Amino acid sequence: MHNHAPFDPDKHTNEPQLNQLWNNISHELRGSLGESAYDIWFSDFRLGSVSPEEIVMIAPGTMYAIWVEENFKNSLSSAFTKFLGACGRIRFEVNEAASSVFRAETDAAEGNGAGEIPARVVPRILVEKVSEQKLLERGRASGLVEIFRFGNFVPGENSELAWAAARAVADQPGKTYQPLFFHSSCGLGKTHLLHAIGWESLRQRPKSKIIFVTAEQFANDYIDAIQKNALVPFRKRYREADLLLIDDVQFLGRKEGLQREFFHTFNRLADQRKQIVLASDCPASEINELEERLVSRFQWGLGVEIHRPGLETRAAILRRKRDDWRMAVSDEVIDRIVERVRGNVRALEGALIRVAMVATLSDEPFSPEKVAEVIADICDGDESRQVGAEEIKRAVAEHYDIDVNIINGKKRTARIAEARQVAMFLVRSLTDLSLVEVASAFGKDHGTVIYAVKKIKKRCEDSAAFKSSVELIKRRLVRGGSPMESPRASRNSSNANPRLGHGAKPVDFEVE
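Mapping of the sequence shown onto the working numbering: position 237 corresponds to residue 237, and the numbering continues sequentially without gaps.
In case anyone wonders, no lab produced these hints; they're calculated from the structure.
A few of these clues could be false.
Here are the simulated distance ranges between beta carbons [said to hold, decoys possible]: (1) Arg475 with Gly174: 42 to 48 Å; (2) Ile147 with Glu364: 31 to 37 Å; (3) Glu289 with Glu471: 20 to 26 Å.
Computed cross-link-like contacts, PhoX-like style, restricted to lysine-lysine with a CA-CA straight-line distance of at most 25 Å [what the hints assert, rightly or not]: (4) Lys457 with Lys444; (5) Lys82 with Lys255; (6) Lys255 with Lys444; (7) Lys455 with Lys444; (8) Lys73 with Lys255.
This one's a predicted model, so the numbers in the text were calculated from it and none came from an experiment.
We put the CB at the ideal spot given by N, CA and C, even for glycine.
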């Protein structure tokens, strides 16, 4: 335990005193967060100024400021309070010179004179200069899709952290986040970011070995290698990659042999400080029957959830697409599209293409009022209606004929436990709430939510009747109708339960 004289911000504002205070705070953070977390997030911070009203922290980049403020602000406040006696508000400023963690290497290589480069940044040396055509050939051979670049990705409030993390990894593979793990619903940009990381890394290091595959393709290559007795070249290919990008890693669930092979591949690359970037439609902890050792490794680095884009971001995405595709679609028409389609980016793009096509074929000027008619079926098929946790709880309670307050309660009979788990599953599926926020909405911990989501997913896979029951609630929610509009006649049947499936009998109790 280190004892230090209290730091008086009114008397000690010079740099040596600030450095001494930050050394003390750093020692405290290492103890509370661990060496690894401190080294990743705080090693390049410095203390800007201290006053009774405000503490200014200088961050090495925007991403660091955002992440520390959202995840470690309480730890910082506790540490400052220990040494100051009281802690004013903590404000973050970004040191543009230090944020060259994303840009300075390029500036140094090109001689742009961006200012003094921190000592820990090693100037990037392009081993080989290649033509754009050669770069395209190498990218395609690596499995990269040409159109998915950083230049045509539109970051918004839903994806800003994911975009910044992707840029950091492309600039310094193997040194920033190991692994980088994106997760989101389909069509929100995680695959785009995987390809963009590959292209940017290849541009900066043309001779590096980059591999982009889906987990299914990795599995097929593994099976093919076993059948042809060619495991050695298979392992050589994947375990000697400089950058391994794997999409849809949820496919690894329930495949023990494949998980074992990937586990050893992951370890080999991590030991050699090669970069691994993964993408999934759910967090690692929610992947069905994924070994704990893989879950642990997927959570080593940085996990980033990409949320559904807000209204302004959706409009910005469509305007970019319109300009790229040279479509004659007005801003007003685009605004009408984004008001109607609130789902993923693919649905937005589909709506834009259809509207542009109808406008081109029409003899009359296309008015914004026609948008709803042209894309009506896309809106119906898309989960476009925004629903909240409380609305979902009410719908599930009505479906199960129970009081909505019981879902928030502690009763754990089979029927109530099932209703609660279905509600958690639907809140997780239909909203942008994080695991912690979903847990808070039900008065539970996030582990209970993870368990519920896994269980409902598995039951949907195992029982078509149960899946139909869950889908019924979901459809009614996203289309704005009551989940119980359908006839209830089957309730009177002695051997059928519309909630549990035909012939299903609940047990007396169920442990969450």
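Review point. Going back to the hint list, which numbers does this structure go against?
Key: 5, 6 and 8
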